[in-house]
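These protein sequence lines are chains A and V, in that order.
One gets the numbering used here by counting positions in the first sequence from 1 and adding 7 to each.
20 is the number that the numbering used here gives to position 31 of the second sequence; each next residue is one higher, with no gaps.
Everything labelled a hint here was simulated from the structure, so no lab data went into it.
Heads up, a few of these hints could be off.
Among chain A residues calculated to face chain V with C-beta under 7 Å, some are [what the hints assert, rightly or not]:
no.	residue
1	Phe52
2	Ala95
3	Ser109
4	Asn115
What follows is a list of derived Cβ distance ranges for each label pair [as the list claims (entries may be wrong)]:
no.	chain 1	residue 1	chain 2	residue 2	range
5	V	Ser15	A	Leu46	42 to 50 Å
6	A	Thr9	V	Gln99	28 to 36 Å
7	A	Thr83	V	Gly5	29 to 37 Å
8	A	Asp70	V	Gly5	24 to 32 Å
9	A	Asp70	V	Thr101	46 to 54 Å
10	A	Thr45	V	Ile0	33 to 41 Å
C-beta: ideal position from N, C-alpha, C; glycine also.
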Amino acid sequence: DTGVSQNPRHKITKRGQNVTFRCDPISEHNRLYWYRQTLGQGPEFLTYFQNEAQLEKSRLLSDRFSAERPKGSFSTLEIQRTEQGDSAMYLCASSLGTEGNSPLHFGNGTRLTVT
Amino acid sequence: AQSVTQPDIHITVSEGASLELRCNYSYGATPYLFWYVQSPGQGLQLLLKYFSGDTLVQGIKGFEAEFKRSQSSFNLRKPSVHWSDAAEYFCAVGTGTASKLTFGTGTRLQVTL
């Protein structure tokens, strides 16, 4: 179990630029989740995949955000035309199973700063 | 929709003292309940979980939590806190089949020596 891996750990970008983050889940996990965490808050759900299918997207996920998991393994989260309000920690998690009681295993996150 | 309330934003305890972090949830049926811990700049680590059965659950690092349906609570406890326990603690509720968790706003634990 090598854990959930996220890259990069930190990203500083200028407003209006596009950024892409990568998440490699635990290898046998079929579910993959993206969360966003701002300072002083708990993580907020953005979207999740079961294998390669994106099953749910939060209303927090504006049209500037897109996530993919093309082969049911790693996932990418892209933010287009970044805004200062996008500054946050983006957390990826994975789980095994199809029930709601499957624990999520989190990566260390990607911290995005938009200047 | 489900929700989680952690009423204490910040708690300070002395090393060796006991600890209780409060968590209240709102959900119509029996929820799946979790406690996670987050160190600065890190991701979240699962401490323990409750799905069904015994309402007192044991977790890692000497933590335990008790599910009380009548109070809609899932408080986290530890009999003797260590300085390394200083971190942010999050309670979360999961429902249905999605494993999509709703988190509280967290409680920051400070441990004094």
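Cross-check of the supplied hints:
For Phe52/A, the interface hint holds, since its Cβ comes within 7 Å of a Cβ in chain V; the closest pair sits about 5 Å apart. Restraint check, Ala95/A versus chain V: the minimum CB separation of about 13 Å is more than 7 Å; hint violated. Taking 7 Å as the C-beta contact cut-off toward chain V, the hint placing Ser109/A at the interface holds, the least distance being around 5 Å. Among the interface hints, the one on Asn115/A holds; its C-beta lies about 4 Å from the nearest C-beta in chain V, closer than the 7 Å criterion.
Between Ser15/V and Leu46/A the C-beta distance comes to about 25 Å, which lies outside the given range of 42 to 50 Å. About 32 Å separates the C-beta atoms of Thr9/A and Gln99/V, a value consistent with the hinted range of 28 to 36 Å. Distance hint check: the CB atoms of Thr83/A and Gly5/V are about 46 Å apart, inconsistent with the given range 29 to 37 Å. Checked against the given bound of 24 to 32 Å, the beta carbons of Asp70/A and Gly5/V, roughly 52 Å apart, lie outside it.
Under the hint 46 to 54 Å, the C-beta atoms of Asp70/A and Thr101/V, about 48 Å apart, fit the expected range. For Thr45/A and Ile0/V, the Cβ-Cβ distance of about 21 Å falls outside the hinted range of 33 to 41 Å, so the restraint is violated.
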